[in-house]
Each structure stands twice: as structure tokens, then as C-alpha cells.
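Let the hints inform the model, and build the full structure from the sequences given.
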Amino acid sequence: MALTEGIGGFLSVSAATPATFDAAGYVALSWTEVGEASDVPEFGGAYSPVTFTPLKSGIVNKFHGELNYGSITIPLGYDSNDAGQIILLGALASKNEISFRETRSDKSVRYIRGKVMSFPRGQSVGSVNMASCNIEFTRGDVEVPLPIFAGGAEGVLLEAFDLSTLFQNSAGATPVTAAGQPVGRMLDKSGNGNHATQATAARRLTYQTGPARATLDKVDDRLLVTVPTGGFTGTMVLGTDQGTASYGVTIPAGSYDIGGRGGQYFPGNAIVGQVIRDGALSYEEAAATEAYFVGNGATASYGVVTNFTDFWRDWSELTSFPLIDTSAGTNFNNTWWNCTSLTSFPLVDTSAGTVFNNTWRDCRSLTSFPLVDTSAGTNFDNTWWNCNSLTSFPLVDTSAGIDFNNTWRDCISLTSFPLIDTSSGTVFNNTWRNCRSLTSFPLVDTSSGIDFNNTWRDCTSLTSFPASAFDNVKGGNFISAFTNTALTQTSIDNILVSLVASGIAAGTRVFNQSGGSAPSAGTGQPAIDTLRSRGWTVTVTGGY
Amino acid sequence: MRLTIACPDALRDDANNLAMVLGYGLGDALTYGALNWQDAEGNLYAGASLPVSDAFTTTAQSGLQRPSWDTDSHVNMAAANRAQAALVFSLTPVAAMPNKLTACVGDDALTTLAAMGLTHVAVEI
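Heads up: the sequence lines are chains A and B, in that order.
Going by my numbering, the residue at position 464 of the first sequence is 464; the numbering climbs one at a time, nothing skipped.
Going by my numbering, the residue at position 21 of the second sequence is 21; the numbering climbs one at a time, nothing skipped.
Because the hints were derived from the structure by calculation, they are not lab data.
Among the hints, a few may not be true.
To be verified - Restraint ranges, calculated between C-beta atoms of paired labels, are given here:
hint: 1; chain 1: B; residue 1: ASP107; chain 2: A; residue 2: GLU143; range: 52 to 60 Å
hint: 2; chain 1: B; residue 1: ASP54; chain 2: A; residue 2: PHE10; range: 31 to 39 Å
hint: 3; chain 1: A; residue 1: ALA153; chain 2: B; residue 2: ALA78; range: 50 to 58 Å
Said to hold, decoys possible - Partial selection, computed: residues in chain B whose CB lies under 8 Å from chain A:
hint: 4; residue: SER49
hint: 5; residue: LEU50
hint: 6; residue: VAL105
hint: 7; residue: LEU110
hint: 8; residue: ALA114
Note that the Cβ used here is the ideal one computed from N, Cα and C, for glycine as well.
Here it is in C-alpha cells:
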């Protein structure tokens, strides 16, 4: 670490109390800068010495006595309209404990709690109107250091809020000096020289202020980092304008997109800071790094985001995903599509979600899935399509689901399936197609269904299908619904009898079965005759 | 202002030459890449978006000169001129056309592309 200039530092305050008195708790607060401070004096806790001098030795033994977190008096140019000074005066009047954040010019921060004990104001000839604020600290300070790349650890540290590291062109010839300018080069502050660059002008990010960040058009904007031989296996901390989180990652050597896959898929609209370290960060290190980015302008939580469309799509480098706050999310369209390296998934809050199109599609390494709350979901189009390592599935609430197009298609390792509520479902096109490890199927409610094309097609191990499955269906087609299955005679009889019993109106309709057993002469074939008399075209195993 | 451009497949090579003339170097030959935007008729386009100066639109529609950095004649000036001839510039979103390089002004690139009648399609990236 080098020495750091004082100029550029400042103090912020928050009247709120953090949920926890650590970095994670403090960063979640909303902060207001105290304007016109001319100095932030040294502060920190100090013990009073306790001494004891034995008669025999005459040596003064020393011990730690009482701990005092200390106090400071901050000199200020008085501004009655300054929002930070107003909070200080409010704390003086209320006698409440409030939160303080010291930000240094190198962007490292320190948090502490305290009480405002005085705020005298004065005026004199030859000076602006001055004030001073005396604060008695009531808790220990929490230091949030810069991310550490000690010992030659490989990785990248990018800070869009540090103007000295930003350049308009990829060669680094023209510095970024103002909002609206392109960012074609962002220096790596990890010391590894893994600078992020973009040679194509139209693909460069744009520097903006308030807070300082590099914005993305989500059409093609991204910087490229050349990951060295051996790649990075460790932790990524990403601070954006919409949320900040830490991920497990494995990134192969070669070119890596900073700003989203192909410039299109990114969890936010701007980068504030990004760390990728080869070698996992500890929980504390990751939390401190998140706090560091949040302290410099990143949004702490994804908790107010409603539309998560394409946020982590195609992020195949993610090996673990954090338990972020998605409780406000209503649209999870394509959110984790093709996160092919995730083996598990946290129990995120999706209770407000209505759209689950492609949400976990092609997450091919997931071996388990949590009981997420999908009770408000209406659209499950392709939701878990090709999650082909899942062997079981939880009893999620799909009671509001209308569209089940391809929902569990190609989940080839599922050996069982729960009795989910599909009572509102109208479209079951390809829903369980190619779930080829299923041997039986529960009596799900298909009463609202109008489209059963290919629904159980290619379930090549499916032998057992319940009776009365379609008794309450009012319409629809069954083109290839049971093509290439292994149904027993009882099962195909069950299906045909149930279709006869259903209220499906007469008309031109199709039912297909192949594989497995032929319908029985006593039960299945008469049912086929009835269906054909109603206008159906029925094709079954055995050719009846 | 922000300019968002839809480039049909047939014009990609020409448009990348124009991008080099109007841009800064060889890197701009990659301006129009993946065809991940589609109109209602199914025509595919490459999208690009960038902030530009007011003068840029005048320059883009004026006579083209080989850029000073291009001492080895990397730029195909005939192709760049073809792209310029196909350029449609608008201060408001207009429909993308499969035989035009359509450039529209708009604050948000994705909103502008949608207003140009284009929807995103997934391609290998």
C-alpha cells in the first residue's frame, strides 16, 4: 500500500441503524455526505491503562482497563441547507446514536456509530461562517479495506469510479475526463496488468457520474480482459448500479467479457466495480469487497429490481450463485438460462414472480433444485428445459401456471415427478417430452388443458400412467402425446378410456401412441372406436 | 446523443468498412457482428449503438476520405461508399429495412431497436 492523500476524502452520515454492526450491515444504509468539512481528525478506540506494582519487584505491570471509542470534533463551513449537517443537528436534538462513514481518497472506507454532543456555530471577519461538530463514538469502527491481491494472487480489479484508471481508447492515450465519454480501457488495479480494453468504438462503455460508473447499452458494449494461462478459479465480486454480489467462478484462459456476455446479458446497466480473484475469497473478504464497491456507488441489494430478464444468461463461468434478494422480481425471463456450471441453486425469493420463461433452461449441471416459491407464476414456458442432471424435482407451487410449454422437456435424469398443481394449465405442449428416465407419472390435474401435443413424447421408460387422467379435459389435441413411450396395456387403456370419458367435443382430433403395449381388445379398442366415431384420428401401437 | 444502428446481413462487410472510415482504427471492423436482431419478416440484423457528437451525423453523410491511420489500405473505400449510400439517418426511430443501414437517434439503445421493429434473437456468442 502506498501513502494516500487526504484531499478527496469526506464524511457521510446516516440516521439509520444497521441491521448488523459490520460491513454488510453498514453498506445497506442510505448515506448522506456532510458538506463543507475541512478535516476529519484521527479517531479510534483507546484503553485506559490499569497498573499494579508489586512491593517485592517494584516493576509497574500494565493491563488494559476501560475501553473508550473516542471522540472527534469536525470543523465545518456552516451551511444550513446542507443535508449532512442537517442530519448532524437532528442527531444533536434527538440525542440518538447515528452512523458515520469516512471515505478516504483511495476510496477505502471506515464505519462507526456515535452521538452528536455539540454543534456550535459562529462567524467572524475574514472567515466563512464556521461550525464544529463534536461526536462521541459509541461502537468500534469497521474498516473496509481495498481488495487484497497480496502474495502475487492473480486476478483483476476494475474500478469504474476511479477516473485515473479510465481511458477513452483501447491504447490508453486519451484519459476519460468527463461524463458521457467512452471507456475503451480500464486499468487493472490488482497489479497483474490484466487491463480491460475495447478496440471497437461502438462497443465501448460510457462513463457517467452520480455515482461514477461505466454504463452499458446492452446491445454490444463490453470490455475484454485476456485471462492468462491457467484461467481463474475463484471469486468474482460484481458491483453494479442495480445490485452487488459475489459469485464462485471458473473462467478459462483467453478473452473474457467485462460487461456481460456478448455485451447483452448483464445484471444491471452499469459497472461500478469488479473483482475476479484466482483463489476463492473468504466470506469476510468478499463482504468487504462488496462493501467497498457499495461505498463507491454500487447499489448494495437487488431487492428493488422487478425485471431480471437476461441478467445472468449465458454466464457459464458461474460455479456458485449467492442468495441475493430477488423478492421484488416479477419477471424472471431468461434470468439464469444456460448457467451450465451451476450444480446447485439457492432458495432465492421468487414469490412475486409471474413470468418464468426460460428461467433455469439449460442449467445442465444442476443436480438439485430448491423449493422456490413460484406460486404467482403463470408462464412456465421452457422454465427447466434441459436441466438434464436433475434426478428429482420439488413440489413447487404451479397452481397459477397457464403455459407449461416445454417446461421440463429433456430433463432426462428425472426418475420421479411430484404431484404438482397444474389445474390452471392450458398449454402442455412438449411439457415432459424426453423425460426418458420417468417410469411412472402422477395423476396431475389437466382439466384446463387444450394442447397436449408431444406432452409425454419420447418418455421411453414411461410404463405406468394413471387412470382418469383426462376425465375432465374439455378440449385439445394429443398429436404424438405418447409417441415413443413404453406404456403397459393397462396404461394405454387408461388413457383411451379417459379420453372417451372426457368432455372433449367431437371434431377433427388426433391421438398418437407408439412403443410399449397395444391397447386391449376388450377395453382399449372399443375406446378407440368411440373416439373415431367422434372424428378422432387414432394411431396406436399394434396398428389397430 | 446516442445513435443506434441496424445493419442487415447483406451490408455487414460494407458497413464495417464505413465504421472504420468514421471510427478510429482496425478495431472498428468488428462494429457489426452477430445477427441477433430480427424484424417481423424474419430478416436478421446486427445491432450497434454508441454516443456520438452532433458533428458525427454530418461527417457520416459527407464525402468519405481514407482515414489517416490507414496507410496500408485496409479499408475498402468502395465498400464504405456503398454502405454510406445505403445509410438512412433519422432523429426518431424508423423501421429497419433489409437493404438499408438504418441509424436512429434515441436515448436508450434497446428501446430504439424495439421501436425500429426489431426483436432480440439468441445466437451463439
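Status of the hints after comparison with the structure:
1. ASP107/B x GLU143/A: 52 to 60 Å: 40 Å Cβ-Cβ, so the 52 to 60 Å window is violated.
2. ASP54/B x PHE10/A: 31 to 39 Å: Cβ of ASP54/B to Cβ of PHE10/A: about 36 Å, so the range 31 to 39 Å holds.
3. ALA153/A x ALA78/B: 50 to 58 Å: 52 Å, holds
4. SER49: 4 Å, holds
5. LEU50: 4 Å, holds
6. VAL105: 14 Å, violated
7. LEU110: 6 Å, holds
8. ALA114: 11 Å, violated
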